[in-house]
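Undergrad: This is what each chain is made of:
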Amino acid sequence: MFEDMVTARYYEERLQEEYLEGKQPAFDISAGPIPGELHLAAGHEAAAAGVCRHLREDDVVTAPHRPHHVAIAKGVDLERMTAEIFGRETGLSKGKGGHMHLFDPDVGFACSGIIAQGCPPAVGAGLAAKRRNTDGVAVAFLGEGAISQGAFLESLNLAAVHDLPVVFVIEDNDWAISMPKGRVTDVADGSRRADGFDLPGVRVDHDDAVAVYDAAREAIGRARDGNGPTLLEVQVHRRMGHFMGDPQSYRPDEDSEAAQNRDSIERLAADLRDRGVDDEALDEIRERAHERVDAAIEWAKDQPQPDPEAAHEDVFVNPPSGVTESEPDFDLAGGDD
Amino acid sequence: MAQQEQRVERELTMSRAMVEAIAHEMREDEEVFYMGEDVADYGGIFDSTEGLLSEFGHDRIMDVPISETAYLGAAVGAAQQGMRPIAELMFVDFFGVAMDQIYNGMAKNTYMSGGAVNVPMVLTAAVGGTYNDAAQHSQTLYGTFAHMAGMKVVVPSTAYDAKGLMHNAIRDDDPVVYLFHKRLMGIGWMPAPDGPKTPVPEDEYTIPFGSADIKREGEDVTVVTLGLHVHRALEAAESLAGEGTSVEIIDLRSLVPLDTETIRESVAKTGRLVVVDEDYRSFGVTGEIIARVAEGSLSDLEAVERVAVPDVPIPYARPMEDEVIPGVEDIETAVRNADSK
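Here the protein sequences line up with chains A and B, keeping their order.
Counting in my numbering, the first sequence runs from 15 upward without gaps.
Counting in my numbering, the second sequence runs from 10 upward without gaps.
Honestly, the hints are just simulated from the structure, not real lab data.
Do not take every clue at face value.
One side of the interface only, derived from the structure: several residues of chain A facing chain B at Cβ under 8 Å [said to hold, decoys possible]:
1. 198
2. 216
3. 333
4. 334
Covered stretches of chain B, going by a simulated chain A footprint (3 or more residues, C-beta under 8 Å) [what the hints assert, rightly or not]:
5. 32-39
6. 330-340
Just so it is clear, the structure is predicted and the values come from calculations on it, not from any experiment.
Glycine is no exception: its CB is placed at the ideal position from the N, C-alpha and C atoms.
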């Protein structure tokens, strides 16, 4: 758990550095080596690490637009994920998806850039597991900003009424872009929403990875044993803006400071020290994580840019006649500018 | 446009021009309000509401939870009560989340009620790619909204047009979809080309829907386009002028209603039609424009070319996004092809 968390944190620190290259001093979203938007999850690590520790490779996870910590905890190929974020040919999606659209079917990982839209596919994965009589489990991660979406509420209901092996994990960081939680919902304890669907709801406060681990063990165990879904809400903190470049002028300084001061990684490190793990062992883990991340980033940056013509491939796996892949069926749109 | 434009020194970005029109209408009419995600304290992710909160407060510049079905449907309901909501869909790509409220409510309630109710709302949304945000945040779905009956669809390309069209949109008694291209807004973190920042009169003015604007006059080839690609076409025309090709550029400004007459008149003059669109190629704007000209002026047509996004979702990596979104060179090639026929 500690290793997953420090890997995720360091990974995002490195991504942030790379992302800002060429974007300073004037921020231009279309400049620099990493294309598009970048949503960082620093402060969310405990939720992913505590839950995914109980998952197998064949279990399914769907993540939202802020996916890196979940991907790392689920064991997504770090090199190919990084190559994807840099938009390279050998990336998980051949450079077509980018950081919000990472797919690694080898470890059952997918994500969506649209709020709450990972919930229905997780229900589908749970349905498949149940239909096939496996003991597979699906986990949908979402932010507390997503709890107002129909897709989330409908998914809770569908999973509940069919007793599907799904765990919904709300990462409550108190902010939906510029909207504080209090202006999104009157229900401060999001796990209580489970009552409306007659399924168990659990909330874990204080970014506490160990408490998440314990709660997730029960929820995932319940799902695996055929006893249906659970709603788990985990308090995390958003240490960054909503996306890189977000000036956060809507956010009180004290809130940003509080988020910086409450660090799930430091909390877990203290916990481990209390349990007799010495600093040297923790440093070794950190060092190993840093080496792995640095190697992945170096590897990714060395990967080739995709061939522009590859843009026409993968629209269909079985292209209908009249559509010639690799070669557009017209000669205009698509040049070399 | 030249006749309408007053002599003004003051230049605005497209976002400032939109906001000016909205503020004016809100001062004039208590029933106008703006709702959407991050539109109040943030001022709109694309500066579409920057500064409005301080004047109008949270009751009229309304932040909403991330629940498009609820708030777009609520805008439909408020409009049917006679209010004039402006509801912002942050990225047009998110429309699917609330498709029923848009397609089955906003667009149809006037008709289904036999005119007993109407829906005087404006749905604003950001469209467009060019900054590598991949397939769920980069679409330009002009054709999607223009295809279904019941909604007027407006696409400004300059600050001057953005203000005049916004005044019109808010005052219109029908639902209006107002699509603004992110790259034209003049946001600090997404530099715009020079074109969209134009002189904008301080006073109110309207630009009627269905009045296409000839942004450049020419004799040899007609280029019909809208949004960001007006500026790319202008750049292409400038370079083609050096080769001796005279290009006329028509900015549609609205898709519903569509100013077919201006297009046909231009084609009658040039005989050659190139349609440029950032939406998908098939079943979209390019096909519709060409069909309209063919229906009424087939004998005028000597050459037709279309430049659009091939039928692939917008890819993430830069080389591939550049491949699919029409660039200046693509437009130049199309014009040369048309001109040589």
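Undergrad: Quick check: do three or more residues in the segment 32-39 of chain B have a beta carbon closer than 8 Å to a beta carbon of chain A?
TA: Since three or more residues must qualify, the claim that chain A covers the segment 32-39 of chain B is violated, with 0 doing so at under 8 Å.
Undergrad: Count residues of the segment 330-340 of chain B with a Cβ under 8 Å from any Cβ of chain A, then say if the count reaches three.
TA: holds (count 9)
Undergrad: Do the numbers back the hint for residue 333 (chain A), that is, is its least Cβ distance to chain B under 8 Å?
TA: Cβ of residue 333 (chain A) sits 11 Å from chain B, so the hint is violated.
Undergrad: Should the interface hint for residue 198 (chain A) be scored as holding, given a Cβ-Cβ cut-off of 8 Å against chain B?
TA: 4 Å, holds
Undergrad: Does residue 334 (chain A) hold up as a contact with chain B if the rule is Cβ-Cβ below 8 Å?
TA: With Cβ-Cβ at 11 Å, over 8 Å, it is violated.
Undergrad: Verify the interface restraint on residue 216 (chain A): the C-beta must sit less than 8 Å from at least one C-beta of chain B.
TA: 23 Å, violated
In summary, the numbered hints that this structure violates are 2, 3, 4, 5.
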